[in-house]
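*Asks:* Heads up: the sequence shown is residues 1 to 173, going by my numbering.
A hint or two may mislead.
What the hints assert, rightly or not - Result set (DSS-like, lysine-lysine): computed pairs, CA atoms no more than 27 Å apart in a straight line:
{"id": "1", "residue 1": "Lys100", "residue 2": "Lys149"}
{"id": "2", "residue 1": "Lys120", "residue 2": "Lys86"}
{"id": "3", "residue 1": "Lys100", "residue 2": "Lys120"}
{"id": "4", "residue 1": "Lys135", "residue 2": "Lys120"}
{"id": "5", "residue 1": "Lys86", "residue 2": "Lys135"}
{"id": "6", "residue 1": "Lys135", "residue 2": "Lys149"}
No wet-lab data here; the hints were simulated from the structure.
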Amino acid sequence: MNTPSNPFPKFRLVIAALGLAAMGAAHADSGRLMPREVLPAYTQECAACHTAYPPGMLPAPSWRRIMGGLENHYGSDASLDPATVKQLSTWLQTHAGTYKRVSDAPPDDRITRSVWFVRKHREVALSVWGLPSVKSAANCAACHSGADKGDFDDDRLIFPAGLDARTRRAWRD
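Please build the complete structure, drawing on both the sequences and the hints.
*Replies:* Have a look at this one:
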């Protein structure tokens with residue numbers, strides 16, 4: 001006996017595929033991961049001195065101001081040739097954050113002073129930021145082993161060197 005094919009399994013697959021695609025698009029704008037295509041100049045110039053932050057962590061106006069003031073980049077002269085500035089600026093603008101979390105520029109365009117950063121790190125003791133292995137809140141790689149890839153997942157935190165036992169216990173909770 002021949003039975004007609006059931007159209008629902010194909011329909012379910014289409015719905016599942018659309019759902020996964022939507023999740024991927026939402027995650028792409030989450031600011032948590034580095035864009036797939038990272039400019040070599042970004043890694044070479046920016047990551048030479050600090051974490052190469054995913055561009056989605058700041059809104060476009062912040063990146064415009066940062067790239068327009070490299071001669072006084074948070075106390076350092078990070079000047080670059082005009083062609084590199086243009087290339088990096090275009091890439092940063094293209095990948096800048098557009099979602100609610102970064103809709104407002106943080107004070108002084110500092111990621112570490114943004115509302116979401118302060119909220120996510122509110123339980124980190126001030127003494128942790130001062131550890132020689134950490135130095136400042138801007139040193140993401142001290143605790144986030146995947147920071148160079150834009151992975152800041154709480155489940156993959158590492159203890160920075162010099163963290164006392166009491167603070168280690170608090171981090172495990």
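*Asks:* Take the hints in turn and mark each one as holding or not.
*Replies:* Okay, the hints, checked on the actual structure:
Between the alpha carbons of lysine 100 and lysine 149 the distance comes to roughly 22 Å, so the proposed pair stays at or under 27 Å and holds. In summary, the hint linking lysine 120 to lysine 86 is not supported, as the alpha carbons are separated by about 32 Å, beyond the 27 Å threshold. Distance restraint check for lysine 100 and lysine 120: the Cα-Cα separation of roughly 15 Å lies within the 27 Å cut-off, and the hinted pair is therefore satisfied. The straight-line distance between the Cα atoms of lysine 135 and lysine 120 is roughly 18 Å, inside the 27 Å bound, and the hint therefore holds.
As the CA atoms of lysine 86 and lysine 135 are separated by approximately 31 Å, the hinted pair breaks the 27 Å bound. At roughly 21 Å between alpha-carbon atoms, lysine 135 and lysine 149 fall within 27 Å of each other, so this suggested pair holds.
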